[in-house]
Amino acid sequence: MKSSSKVSSFLNKPERAAYLFIAPAILVLLIFMFIPLVSTIAVSTLRMDVFMQSATFIGLDHFIRMMGDGKFWNAFGNTAYFTAFEVPLQIAVSLLAAVYVSRNTRLRKFVRSALFLPFVCSLTAIGIMWSFLLDPQIGLYTEYLTRLGLPRLAFLRDPQLAMPAVILMTVWRNFGYTMVILVAAVQTIPASYYEAAQLDGAGKFRQFANVTIPSIVPALGFSVITATIMALQVFDQIFVTTQGGPLGKTETLVTYIYKSGFQTAPYDLGYASAISVMTLIFIMIVSLTMNRYFQSKESTDAR
Amino acid sequence: MNKTTLMTMLGSVLAIVLLVIVLHPFLWILLSSFKSEQALIKFPPTFFADSYSFAQFATVWERIPLLDFLKNTVIFSVGVMVVSVFFDSLAGYAFARIKFKGRKLLYTFVLILMMIPFQVMMIPLFVQIYKMGMLDTYWGLILPRAASPFGIYLMRSFFVSLPKDLEESGRVDGLNEFRIYWNIMLPLCKSAMVTLGIFLLMNNWNDLIYPLMLTSSTEMRTLSAGLAMFVGGRTIEYGATLAAATISLVPLVAVYAMAQRYFVQGIATSGLK
Numbered sequence: 001m002k003s004s005s006k007v008s009s010f011l012n013k014p015e016r017a018a019y020l021f022i023a024p025a026i027l028v029l030l031i032f033m034f035i036p037l038v039s040t041i042a043v044s045t046l047r048m049d050v051f052m053q054s055a056t057f058i059g060l061d062h063f064i065r066m067m068g069d070g071k072f073w074n075a076f077g078n079t080a081y082f083t084a085f086e087v088p089l090q091i092a093v094s095l096l097a098a099v100y101v102s103r104n105t106r107l108r109k110f111v112r113s114a115l116f117l118p119f120v121c122s123l124t125a126i127g128i129m130w131s132f133l134l135d136p137q138i139g140l141y142t143e144y145l146t147r148l149g150l151p152r153l154a155f156l157r158d159p160q161l162a163m164p165a166v167i168l169m170t171v172w173r174n175f176g177y178t179m180v181i182l183v184a185a186v187q188t189i190p191a192s193y194y195e196a197a198q199l200d201g202a203g204k205f206r207q208f209a210n211v212t213i214p215s216i217v218p219a220l221g222f223s224v225i226t227a228t229i230m231a232l233q234v235f236d237q238i239f240v241t242t243q244g245g246p247l248g249k250t251e252t253l254v255t256y257i258y259k260s261g262f263q264t265a266p267y268d269l270g271y272a273s274a275i276s277v278m279t280l281i282f283i284m285i286v287s288l289t290m291n292r293y294f295q296s297k298e299s300t301d302a303r
Numbered sequence: 001m002n003k004t005t006l007m008t009m010l011g012s013v014l015a016i017v018l019l020v021i022v023l024h025p026f027l028w029i030l031l032s033s034f035k036s037e038q039a040l041i042k043f044p045p046t047f048f049a050d051s052y053s054f055a056q057f058a059t060v061w062e063r064i065p066l067l068d069f070l071k072n073t074v075i076f077s078v079g080v081m082v083v084s085v086f087f088d089s090l091a092g093y094a095f096a097r098i099k100f101k102g103r104k105l106l107y108t109f110v111l112i113l114m115m116i117p118f119q120v121m122m123i124p125l126f127v128q129i130y131k132m133g134m135l136d137t138y139w140g141l142i143l144p145r146a147a148s149p150f151g152i153y154l155m156r157s158f159f160v161s162l163p164k165d166l167e168e169s170g171r172v173d174g175l176n177e178f179r180i181y182w183n184i185m186l187p188l189c190k191s192a193m194v195t196l197g198i199f200l201l202m203n204n205w206n207d208l209i210y211p212l213m214l215t216s217s218t219e220m221r222t223l224s225a226g227l228a229m230f231v232g233g234r235t236i237e238y239g240a241t242l243a244a245a246t247i248s249l250v251p252l253v254a255v256y257a258m259a260q261r262y263f264v265q266g267i268a269t270s271g272l273k
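Chains as they are written, first to last, in UniProt numbering: chain H, 1 to 303; chain G, 1 to 273.
If we strip away everything but chain G, and leave its shape as in the complex, we get (with noise of 0.2 Å):
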């Protein structure tokens, strides 16, 4: 055997090795959201139980407000990826398309800003919030988020991109700046938007410490959050805990599962520059 293919089988078995150490987890918290308590608790733990059911599901619908949760998370998630892509790519048009004073300048606070990391801010925003009396609302958390620098230069990079002169034939047809942007701009960046959109939807659905410290009551808190508190309380079943996790992981595994391209792209792009 030459020394090139002892390297692809090499590969191949790092490859099979991660694979197994990535996804058995995964499988197993799957399987277990469906064992009862005792399989649970049982001694020596085993990967596989004797019986399967969907009682912890149903307990987890009694013990913890997980529809509230999830509600919560989709509201703060989504409106925040639709607000945030749409003032990104205006912004972005604007700072790739348009000459302006001071477009340098404002460019560059933007790009400040997305090297700011979010725990540097975050108790002046809690007490903003709280002044405004946004605390444990909607407003409050979508707000905040409703522009991300990321997206402006994610955005930005896009529009620089494209042809020039695309304007041009909108003015002479008599089109307004926004019309140029909507009607002839917007449409040759879906797929920058979508990338951008998981991108944020990914990460707010995901995020800890932000809905944990704009919310306080547990009707406005979202999965991440609602689970942190509760698992924290350590009062709760094993197994209401594990279909819990599940549920909450299952809305972006399947998403991910559908547009898997969109979701790297957004990453990928970043690293490029």
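So here's chain H without its partners, still in its complex pose (with noise of 0.2 Å):
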């Protein structure tokens, strides 16, 4: 009674009680990811494995064996490959969607809720479902496409093709989630503007150039750094259908790390580790320099 009593007379300071509704947040956060996050630039520094027996420094020596490493090469050349080819197909469909479904008839809102479903589904399922449905002997689509007239291809076993197939399965799964985003920023338009622009004799397309596309600039580059960002950490999908694959086409930095790190002796955690610095370096700079551009191309539409 008499400590409840304490307790609540503390809860009274409004200053207080913040710290304490703050307190188990920030505490999560500072030990689980502000701590590892300081940790990765130590840990990268060390050379240690995966059974932790011994760790001894080895200053920048994981950076320098990266930078003749053919495999990290291989892995940042396929990465960025993935990012350039995924990140604009899956921002052209998505744009393509959600100007067809941010008008809010019934049907729209059927097309636009099913159109997010795979984006609901994990990457391990679709993957599965993918590496069946393109396999070269009982894969459907195989099938489907040869009786177009191509020949027999074998998509995900194929190191030219390998890739290709990696990246339209991204974008079939999450187109979805950008087109969300662009019809609510979409839907926020007045629609005045278009009013005003069908007044000028603008038609539907010039309506979508000249009113739609300027006025979600905020969004449209929100959608790229995160569709970009995403992109970079390729992982999930790859693991489930090709493992890096064939002869190493489909490796990118993610895989690269967990197999340094978690999957191939020596289990060597302090190189993974130096990778993932290198990693968010990658990832920082590109969406720095995106951030910069979509800044200045907001304040030059806004004059």
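Simulated from the structure, these hints should not be mistaken for lab results.
There is no bait here: all hints are sound.
Computed cross-link-like contacts, DSS-like style, restricted to lysine-lysine with a CA-CA straight-line distance of at most 27 Å:
no., chain 1, residue 1, chain 2, residue 2
1, H, 109, G, 190
2, G, 104, G, 190
3, H, 13, G, 190
4, H, 204, H, 297
5, G, 101, H, 13
6, G, 131, G, 71
Grab the two chains, each in its own frame, and use the hints to assemble them into the complex.
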């Protein structure tokens, strides 16, 4: 009784209560995000394996080794390839879809929910599904394509086609996510803008180019940046379908981090952390540059 | 025919094409889970089979500890959802409605963490969970996700939008700060909390690399991680793999069918800012 009245009198001071309110969340973020973030940099300078028996300081050796590691550069190149094609495709498809489904008729609402469905599903299940559909022998879609006159393609097992197949699979799964963001933005455009454009004699396409696009630049920028960050971290769908193969053609930075740290001897956590640090640096550079670009776009459009 | 109707028709055609491309694979996997192994490896493959049965689901039951996977996934993702929504709303409330020293600094800290990809901190996190002796446990899975920077951000923006002086009536009635949060503010934020809860549920249910890394025994795997390991093993039958994938999809798709609005809301608000 006494202690509970003490607690409530303590809680009567808003400022003191505030610290109690934020304490659990801040502690979790501190222990499980901030400290690991800082230690990534520390671990990247250590020679340490997954069994953590011994750790010796080796300075920047991992980074020097990375520069001469062909597998690292291969993973880097593949990640860049994936990002360069996946992001524009995802944005283009979702923009087209968003323009159609942003009006609130019953049919369009249904189409909107249906197109978002793949994003609700795990990439693991989706990876399994597509590796069946694209199988050279028993794949239904491989069969459909041969009926259209194409040769029997091996998709995920073909060094040339594996990455394009993974890219299309990812666009298929993720475009609904970007579409939802863009629909929310399109719906905030005042109808009067379109009316004014119509009075000026602008057709649908002109309205799209001169009213819709400029009005959703912030949301578009956000979509491009988040899609790029997601693409630079691509892992799940590759882990399930190709495991980085064939011939390392779908090995990306994160699959390479996972493999060198957890999957193949000598389970080199130090080296894997060094690659993580490099990945963070790439992501920061790319997203900050993009952010700058879109901010400048916004301010020139707002004139 | 004028230009506008032509554009509308073009839009409808495009929508139908997208709809077929998106839904066809789902119909296929649903149907295929009921096909026999022979029907699945038959050449050339066909969309329909001659007969359907539940046999594959029985095989899954024998080969994969699916019930364990399902249980682990539910405990992990629902656990994270409940704890994180509570912690995030508490913190979001304090950041939004109470003035205190260091508020700006701490909120900036939250916003910075929101932008850091998980992959960057996963290795030290693994080391940390190992040293705490929580590898391969439910606590080890739930605790690191017990608060989310995005969740704090989302809850804060909802609390900020509430009218001023709502708290005053509570203070006049002599309620303490926690009571004000719990009895007055929280009931107003129900939809924000459901939105955040669904967002967290979806992300954690579907996550692969995180549970893959923090669990090591088959009995502790989640659906995503367990399935990925089995596919990686390549020893399993086709039909059983498909049936297992279908089972892993059904719960979330069912929740989505019932609460679409909330799935979409969290994502839509993240883009509007």
